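Its first residue numbered 1, the sequence shown is counted upward by one per residue in our numbering.
No lab work stands behind these hints: they were computed from the structure. No experiment lies behind these values; they were computed from the predicted model shown. Don't take every hint at face value.
Listed next, the in silico DSSO-like pairs over lysine-lysine satisfying Cα-Cα at most 30 Å (straight line) [claimed, not checked]:
| id | residue 1 | residue 2 |
| --- | --- | --- |
| 1 | K34 | K149 |
| 2 | K34 | K110 |
| 3 | K74 | K110 |
| 4 | K110 | K183 |
| 5 | K126 | K34 |
| 6 | K110 | K52 |
| 7 | K183 | K74 |
| 8 | K52 | K183 |
| 9 | K52 | K74 |
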Amino acid sequence: MRNAIVCIVFLWCASVWSQAATESMKTTNEQSLKQVFAAPVLQAYQENSDLKIQELFFYLQQLTQPSLEASLRKEIETACLALFINDDALVVDLTSPTPTLITIATLLQKLAQTTPIQLTVSESVKHNTVTYRSWMCSYTIGCVQNESKWNYTIAQVVYFALQPQQFGTHYQQTYQYRLGAMKLR
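Could you build the full structure based on these sequences and the hints that come with them?
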């Protein structure tokens, strides 16, 4: 009987220790950006994310050009979608002077049917709240179409998370930027 009690106590202790080790591994494997990167390094990554935002609006402006070949249009649309965390991310409708949010996939369809739009991104992109795997960027977009001008002040989530990337025959986890939903300010 005594051996049975000792065995039960031993198994219970092993179970508690196993749960504690699993919880410890979860918290050490799931570190926030502030834990992974020093402040100057994180700031450099944030500043580099401005290039992704600039790249997006360059692509979107190109999609409004009527002389764009169909194959190039398809490549640009694919590149735009690849910048986002998913195809359902909400973005500002650049084809309308009325501030509205639509999905990136819908915007790409609308841009193919609109007259050319000149887009500018403000130089002063502000990096706000850093969350677990993302931060917010605030900037202003200027739109000019048929001599009409309008501006949107936008806040957008930029994700910076580990993603599997193939190098030859093996995969490795690397940090990659992905744009998230926009909000009108």
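Each hint, compared with the structure:
no.	hint	result
1	K34 with K149	violated (39 Å)
2	K34 with K110	violated (38 Å)
3	K74 with K110	holds (14 Å)
4	K110 with K183	holds (19 Å)
5	K126 with K34	holds (18 Å)
6	K110 with K52	holds (21 Å)
7	K183 with K74	holds (27 Å)
8	K52 with K183	holds (17 Å)
9	K52 with K74	holds (19 Å)
Of the numbered hints listed earlier, those contradicted by the structure are 1, 2.
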